[in-house]
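Work out the full structure: start from the sequences and follow the hints.
Residue numbers (my numbering), protein chains in the order written: chain A, 6 to 249; chain B, 1220 to 1633.
These are computed hints drawn from the structure, not numbers from a lab.
Some hints could be false.
[Claimed, not checked] Selected chain B positions facing chain A (in silico; Cβ < 8 Å):
id	residue
1	1221
2	1228
3	1229
4	1519
5	1522
6	1523
7	1533
8	1534
9	1535
10	1536
11	1537
12	1620
13	1623
14	1624
The C-beta atom is built at its ideal place from N, Cα and C for all residues, glycine as well.
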Amino acid sequence: MKVPTVPSAATRLAPGYTGGMLQLDRITRAYELGGERAGVFGVSLEVPKGCLAVLAGPSGSGKTTLLQLAGLLDAPDEGEVRLAGQAVSALSEKDRCDLRLRRLGFVFQAFNLVPVLSALENVMLPLQLRGVPEAEARPRAEAALARVGLSDRAHHRPSQLSGGQQQRAAIARALAPDPLLVLADEPTASLDHAHGGPLMDLMAELAAERGVTFLVASHDPSVIARAHVVFRLMDGKLIGEERP
Amino acid sequence: MILARLALRNLLRQRRRTALTLMVVVAGFLALSLAGGFMAQTFQGLSDAAIRGGLGHLQVLPPGAMAGDEAQSLEQSLPDGEALAQRLRQDPAVAEVLPRTQFMGLLSSGAKSVAFLGTAVDPVLEPRHMACTEALKNAGKTPAGAGSRWLSADPAVREVILGVGLARTLGATVGSSLTLMSTTRDGALNAVDVEVAGLQDLGLRELNDRFLTVSLATASQLLDAGPARSRLSVVLKRPQDTAREQARIQALLPGTSVKPWFELASFYRQVKLLYFAIFGFMGLVLFLVVLLATANTLLMSVMERVREFGVLRAMGLQPGQLLALLQWEGAFLGLMGSALGLAATLLLRTGLNALHIEMPAPPGTSHGYELDIHFVPVVYAIVALGLQATIQVSALFPGLKAARLRIVEALRHV
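Next comes the structure, spelled out in structure tokens:
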């Protein structure tokens, strides 16, 4: 099955849009967890374009839920998600898939590289899924790996890379297709302090350098310290917004 | 092609499990292909036996000759069979025409009389095109059949060749004098004294107990047959054209019934049906085993990769593409299994044929045969396609399971 190379109508975002990259408008997503009601409730926020934004809060505060809603991995019960000004909550599953493929990048806590592919092949994967020919995907993936300092490990499998190297490869994978927004869920949680700090520095640099927007869910102070904007969550509600 | 590459890598991820699944596919391929080769040998042997046993490729019969006992008498015959045979010999597609007369009667040694089924043949043409001398050789190994030879070409000589069972019943050996008794075309009783030229082993006990062969000249005297013949056996230059020539010759001879050998060889048809039933059932069981084995492998593989599928879906892979990924994995399993199965089949076939294994006599026949598993590419292709289809079906359920995963749950999966 080949992915169409021409974006569908749903993924054609508003040209010349200058507002926030991501807007969440009175978002509610509730679910049962251990017999209690959990999730996020009536959260509204706006993430500016080209910044490193952090969703901060303790465990169970709704960071990951909000990140999944922003990443179109889940749909809100109420409210609207807008990506570059376009309402995306009501899109079909196919269009949401297409939008994720073309406009979003993901970085996970457990790295989640495909274990049977080398670092280079992992970075090429989203490009090839978009229908980019291998001859074009390879140099783009090599450049992305070079940018995160992994050129010498390009042909290593994930199991042959350290945690920090795997997470850098995951960032390269997220960035290679030139997304509008990269969503990262606790990207430093599986790394020690020596690796976590430089990784966040890299994200901040990339945000400034490429104009890519990063939305990171984390309670790590070293991550929060590097953020351009911090959204504080508690019990599924937004309790504060800081711009350090 | 990225999905195909990913599928191949996934199969190599759990090499031992993939190898075990491949072994099931290879075993299925091997069993079905060898069975197919064995069936081909059997069908070839039976068709040769039917064609060279006297049927030829086509039989020209009087209309309605296949109904009732008249088939064994001249009451229904081709009145001018010899002229018809001569006419057919001019046909460019025909290699030879062998006229035959079939009759019934009593064979007497003086002390004992036994009912027989007789066939009269041309003693010169028959050994050139039919396997009659092989039947003599088989019987020549027995004490009573020692010295067996084919019928004399001299039309004045009155000789008979007896089935080994018929000779045993009468206590006759080569050189014995016997009396053939039958009725002429007009219904009068007639008898001819004959000498036993040889014994024949026709491979079927029932035939050996009743069957005898004489020359057309001897039968003509006994039955007062004149130019009438029961049937004509037609040998074609191109046996593969039998069906087409049957239609053409039937159109040429409207007053007759022209039948291809495979419509008349009932034993051949029965064995073919029996083999198809036995090996068809065996094939069904093997396909089921392959289906379950591959479905199990792919399902286990899906359960181990739930989080990975969640990541792929998060990256934008459509549910249909996950289904396609599992189909690719099934496709590679099938291709590798069939390739290895073919190699194993060819090796084992060569080894088994080199052993010259003597197979026991099939039911209803009197002697065994050497195992010779045929090389049948069409069978290998059918088995490979069947296995491939089975594996693709088996990949559907795991594929659907993967495609229906909720992304947020898959990402949480440990």
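Unmet hints by their number, sorted upward, for this structure:
Failing hints, ascending: 4, 5, 6, 12, 13 and 14.
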